[in-house]
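Q: Sequence:
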Amino acid sequence: MPEIEPVESWDYTLCIPNDVRAVTVCRRTLRLILTVHGLIGLVDTAELLAAELVSNAVRHTKGPAALRVRRTPEGTVWIGAWDTDPAPPDPPRPLEQVAGLELEDGRGLGLVRACAQYWGWRPAARFGDRGKYVWCELGVA
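Numbering (our numbering), first residue to last: 1 to 141.
Possibly wrong hints are sitting among the right ones.
[To be verified] 20 Å max Cα-Cα, derived SDA-like pairs, lysine to any residue: (1) K62 - T24; (2) K62 - D19; (3) K62 - G131; (4) K62 - P17; (5) K62 - A87; (6) K62 - P86; (7) K62 - N18; (8) K62 - R21; (9) K62 - A125; (10) K62 - T84; (11) K62 - P89; (12) K62 - D90; (13) K62 - C15; (14) K62 - D85; (15) K62 - R130; (16) K62 - A124; (17) K62 - V25; (18) K62 - W121; (19) K62 - V20; (20) K62 - Y133; (21) K62 - L14; (22) K62 - R122.
Hints listed in this document are in silico derivations from the structure and should not be mistaken for laboratory results. Note that the structure is a prediction, hence the values are computed from the model and not measured.
Please put together the full structure from these sequences, using the hints given.
A: Okay, structure coming up:
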């Protein structure tokens, strides 16, 4: 029986100011992280999801935020955005409800729900921080 090579796990955190330009910085940083780790096939989807999570953190809170990207020992890529607001995010609207509408917002978590294997949120207080993490997972084929 062939040996299964262990998956390389890693963890990056990018602290960002409350500035809409930080979304672009996060997308480009995420692209670089995934590319250097040989996960180019995930880049487009991961960038979309990270942009939605980070833009929500920046647009709906007043304090700093952070993008966290990690690969678990099982091979899952986990993308999370931390912000200073402890309130849970609004539930995502199904994309069918917003398709074709000229909405300025309201699609972000619907896209995350549609494109990620799993998503959710959790209070950050249990980690000694204030605020929350909104996260999603992508499987690596």
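Q: Does the structure break any of the earlier hints, and which numbers would those be?
A: none
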